[in-house]
Amino acid sequence: MVLGIDDPWVWSAYILTILSMLLCVIYGALNWNKGDEDEEAQVKEEMEWHKKEKEMEEKELGIWDEEG
Amino acid sequence: MDNYILLIVIALIYILMVGYVGYIAWKRTKSADDYMVAGRETHPFIMALSYGATFISTAAIVGFGGTAGVYGMGLLWLTVLNILVGIFIAFVLFGKRTRKIGHNLNALTFPEFLSRRFDSKFIQYFSGAVIFLGMPLYASVVLIGMARFVQTTLQVDYYLALIVMAIIVAVYVIFGGIRGVMYTDALQGTIMFFGMLILLIAIYWLTGGVTAGNQALTNLVNIVPASATANATATGFTGWTSMPALGSPFWWTLISSLILGVGIGVLSQPQLAVRFMTVKSNKELNRAVAIGGLFIFMTTFAAYIVGSLSNVYFFQHTGMTAVQAAGGNLDSVIPAFISAAMPLWFAYVFMIVLLSAAMSTLSAQFHVQGTALGRDIYETISNKKKGSSVKVARIGILIAVVIAVILGFILPGSIVAVGTSIWFGITAAAFLSIYTAAIYWKKATKVGVIAGLISGTFASFFWLVFQYKKSAEALGICKAITGQSVLITASPWPTIDPIVIGLPVAAIVTIVVCLITKPPSKEHIDKCFNGIK
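Line order of the protein sequences matches chains A and B.
To convert, note that position 47 of the first sequence is 48 in my numbering; the numbers rise steadily by one, no gaps.
To convert, note that position 253 of the second sequence is 273 in my numbering; the numbers rise steadily by one, no gaps.
Simulated from the structure, these hints should not be mistaken for lab results.
Warning: the hint list may mix true and false statements.
Said to hold, decoys possible - Under the rule of at most 30 Å between Cα atoms (straight-line distance), these lysine-lysine pairs were calculated in the DSSO-like manner: (1) K462(B) - K45(A); (2) K52(A) - K462(B); (3) K303(B) - K45(A); (4) K553(B) - K53(A); (5) K538(B) - K411(B); (6) K141(B) - K489(B); (7) K141(B) - K55(A); (8) K303(B) - K52(A); (9) K53(A) - K489(B); (10) K35(A) - K462(B); (11) K45(A) - K116(B); (12) K542(B) - K463(B); (13) K462(B) - K53(A); (14) K547(B) - K462(B); (15) K303(B) - K462(B); (16) K45(A) - K547(B); (17) K53(A) - K499(B); (18) K542(B) - K45(A); (19) K55(A) - K411(B); (20) K116(B) - K463(B); (21) K45(A) - K141(B); (22) K538(B) - K116(B); (23) K466(B) - K53(A); (24) K45(A) - K553(B); (25) K303(B) - K55(A); (26) K53(A) - K141(B); (27) K35(A) - K553(B); (28) K303(B) - K547(B); (29) K53(A) - K116(B); (30) K35(A) - K303(B); (31) K52(A) - K553(B); (32) K53(A) - K303(B).
Unchecked claim - Residues on chain B that point at chain A, a partial pick, calculated with CB under 10 Å: (33) G122; (34) T258; (35) S262; (36) I311; (37) Y324; (38) R395.
Virtual Cβ for every residue (Gly too), placed ideally from N, Cα, C.
Construct the complete structure from the given sequences, taking the supplied hints into account.
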């Protein structure tokens with residue numbers, strides 16, 4: 002019996018939800034500043050993509066929104 | 021009268037907040053250069069909450085929360101998958117590569133991404149058609165989840181609620197919200213987070229704490245009259261805090277439809293995959309894992325816990341189980357609990373929470389459906405470029421909204437979670453193999469992935485029409501042709517979800533055909549995977 006639940010298949014799920022959330026939080030925290038080695042190029046590339054998407058929305062959906 | 025004033029005040033505060041955030045976003049990013057500057061100071065909160073708000077809708081909160089009223093805490097396995105697969109694997113293993121390859125190929129939609137990666141127009145319009153034909157079901161259940169809540173909270177007619185909701189969504193979509201401006205999505209995500217947090221605290225407060233509340237739910241199965249759970253027990257139900265009998269129809273529905281369908285299907289959701297291409301850098305994706313994980317935990321964990329424990333609350337106060345108190349409709353469990361147990365102001369605030377959840381998901385769905393018809397189908401087949409498809413895309417959105425409303429009128433009760441699983445199952449069967457091959461398998465061939473795409477799609481449609489009881493009975497095609505409602509009536513076959521058949525079929529066909537056909541040219545692969553370590 003863990004946390005008022007008998008079935009190990011259910012209480013393990015209960016605890017795993019919390020552990021998987023912690024995994025995400027810890028991963029995010031450890032890598033908080035990683036992945037920006039070539040950030041300038043990445044951002045530039047993204048901007049190009051964003052421009053094209055906006056063009057698609059303007060021309061094909063007939064709308065234009067300011068932010069991505 | 022006072023109640024309506026309260027409602028109007030809460031609604032006005034919400035509208036002002038959304039308007040203010042939209043204005044800030046608009047002011048901050050007037051030109052592409054501003055966007056570049058904004059890009060350097062990355063916004064992991066915005067990306068993660070926008071993704072989360074698109075993923076988690078009224079379907080998850082009202083539909084799956086209500087389903088937990090019957091299936092109990094075993095449904096928490098879905099939260100585990102939602103976090104591990106829907107956030108961790110999606111962001112870390114799929115997101116980074118999707119972003120890079122998508123940029124290398126200038127792909128703007130999910131079908132276009134697959135089509136350019138394998139250099140096949142067929143992939144684009146076939147995928148566009150799957151999305152355009154299948155997604156209205158998902159859009160419809162999101163709308164139904166919202167309408168059920170309005171019906172219960174405001175005590176209005178369900179059909180009236182449905183139409184009013186559809187009009188509000190249509191107006192939101194037409195006036196600029198079509199792409200779900202990320203800033204407003206993030207605000208809606210924040211509102212969802214705190215609304216669910218309050219609800220989680222409240223349910224444990226009302227049932228005496230975590231251990232005491234769970235214990236009361238564990239004991240409940242022995243206290244409720246046997247007649248209250250007779251139908252469920254006959255198919256494998258053993259209690260709200262224990263797994264159903266292994267291999268029973270109840271077990272298959274819980275595991276194959278509810279947990280696997282949505283838990284795995286999330287990876288190949290077109291409206292979510294596109295989100296990865298709007299991320300500014302890998303750093304932002306890394307950071308988003310932390311925030312996304314926390315967000316999905318709070319929203320889904322709270323929904324399933326509240327759905328399960330509402331049985332304790334209703335039994336103590338009315339002597340009924342949650343489903344009985346909700347009039348037999350699973351989609352009404354969460355609305356009924358909030359109306360009965362929470363103060364009126366919270367019910368109104370929660371209505372805003374759900375409206376936020378529905379809006380952010382629906383706007384992304386309608387956007388994807390519009391581009392599926394305009395860009396992926398019409399433009400690809402007619403070979404026309406730029407501008408010519410604007411009318412087609414708009415008509416596509418209009419058709420999608422109308423079909424969603426019509427389905428809202430004709431679909432039966434307790435449909436929200438089932439409808440969501442069916443859609444997620446179809447996308448997993450159709451797209452997961454080709455999508456995984458696209459980002460990880462350089463030797464995957466055009467013929468191979470097309471074979472997998474077609475076989476997965478048709479296997480899952482065949483199963484839906486001829487074997488999966490819930491859909492086959494409703495469609496009636498199998499009955500008309502064979503005289504039986506499903507092909508194999510022996511248990512557990514009618515309760516095995518299409519994903520269990522469609523996904524392995526697609527994976528095996530993809531692998532086998534790719535191995536025996538000629539791999540793509542090195543130049544093309546180098547272009548696709550440029551910059552990926």
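Hints and how they fare:
Of the supplied pair hints, the one linking K462(B) and K45(A) holds, its CA atoms being roughly 26 Å apart against a limit of 30 Å. Under the criterion of a C-alpha separation no larger than 30 Å, the hint pairing K52(A) with K462(B) is consistent with the structure, at around 29 Å. For the hint pairing K303(B) with K45(A), the CA-to-CA distance comes to about 14 Å; that is within 30 Å, so the pair holds. Of the pairs offered as hints, the one joining K553(B) and K53(A) holds, with about 26 Å between alpha carbons and a cut-off of 30 Å not exceeded.
A C-alpha spacing of about 40 Å is found between K538(B) and K411(B), which places the hinted pair above 30 Å, so the restraint is violated. Restraint check for K141(B) and K489(B): the C-alpha separation of about 35 Å exceeds 30 Å, so the hint is violated. With a C-alpha separation of about 22 Å, the suggested pair K141(B) and K55(A) falls inside the 30 Å cut-off, and the hint holds. For the suggested pair K303(B) and K52(A), the alpha carbons sit about 21 Å apart, so the restraint of at most 30 Å is met.
For the given pair, K53(A) sits about 44 Å from K489(B) by alpha-carbon distance, which is inconsistent with the 30 Å threshold. Under the criterion of a C-alpha separation no larger than 30 Å, the hint pairing K35(A) with K462(B) is consistent with the structure, at around 26 Å. Proximity of K45(A) to K116(B) is assessed by CA-CA distance (about 16 Å); at most 30 Å being required, the pair is judged to hold. Taken as a hint, the K542(B) and K463(B) pair is honoured in the structure, with Cα atoms around 10 Å apart against an allowance of 30 Å.
In summary, the hint linking K462(B) to K53(A) is supported, as the alpha carbons are separated by about 27 Å, within the 30 Å threshold. Our distance criterion of 30 Å between C-alpha atoms is met by K547(B) and K462(B), whose separation comes to about 11 Å. Taken as a hint, the K303(B) and K462(B) pair is honoured in the structure, with Cα atoms around 25 Å apart against an allowance of 30 Å. Only pairs whose Cα atoms come within 30 Å are accepted, and K45(A) paired with K547(B) is accepted, the gap being roughly 18 Å.
Only pairs whose Cα atoms come within 30 Å are accepted, and K53(A) paired with K499(B) is rejected, the gap being roughly 49 Å. A threshold of 30 Å between alpha carbons decides the hint, and for K542(B) with K45(A) the separation of about 26 Å falls inside it, so the pair holds. Pair hint K55(A) plus K411(B) holds up; C-alpha atoms about 17 Å apart against a cutoff of 30 Å. Under the criterion of a C-alpha separation no larger than 30 Å, the hint pairing K116(B) with K463(B) is consistent with the structure, at around 20 Å.
With a C-alpha separation of about 28 Å, the suggested pair K45(A) and K141(B) falls inside the 30 Å cut-off, and the hint holds. Straight-line distance between C-alpha atoms of K538(B) and K116(B) comes to about 28 Å, which keeps the hinted pair within the 30 Å bound. Among the hinted pairs, K466(B) with K53(A) is consistent with the structure: their alpha-carbon atoms are about 26 Å apart, no more than 30 Å. Proposed proximity of K45(A) and K553(B) is supported: the alpha carbons are some 19 Å apart, at most 30 Å.
Note on K303(B) and K55(A): the hinted pairing holds, with a Cα-Cα distance of about 24 Å set against a maximum of 30 Å. Between K53(A) and K141(B) the CA atoms are separated by roughly 20 Å; this keeps the pair inside 30 Å, and the hint holds. Among the hinted pairs, K35(A) with K553(B) is consistent with the structure: their alpha-carbon atoms are about 15 Å apart, no more than 30 Å. Between K303(B) and K547(B), the direct Cα distance comes to roughly 23 Å. Compliance with the 30 Å bound is thereby established for this hinted pair.
Simply put, K53(A) and K116(B) have alpha-carbon atoms about 20 Å apart, close enough for the 30 Å limit, and the pair holds. For the proposed pair K35(A) and K303(B), the alpha carbon gap of about 6 Å is at most 30 Å, so the pair holds. At roughly 26 Å between alpha-carbon atoms, K52(A) and K553(B) fall within 30 Å of each other, so this suggested pair holds. Simply put, K53(A) and K303(B) have alpha-carbon atoms about 23 Å apart, close enough for the 30 Å limit, and the pair holds.
Below 10 Å, beta-carbon pairs count as interface contacts, and G122(B) has one with chain A at about 7 Å; its hint therefore holds. Annotation: interface hint on T258(B) holds; nearest CB of chain A at approximately 8 Å, less than 10 Å. The interface hint given for S262(B) holds, since its Cβ lies 4 Å from the closest Cβ of chain A, which is under the 10 Å cut-off. For I311(B), the interface hint holds, the least distance from its beta-carbon to any beta-carbon of chain A being 7 Å, beneath 10 Å.
A cut of 10 Å between beta carbons decides the hint on Y324(B): the least distance to chain A is about 9 Å, and the hint holds. The closest approach between the C-beta of R395(B) and any C-beta of chain A is roughly 6 Å, which is under the 10 Å cut-off, so the hint is satisfied.
Of the numbered hints listed earlier, those contradicted by the structure are 5, 6, 9, 17.
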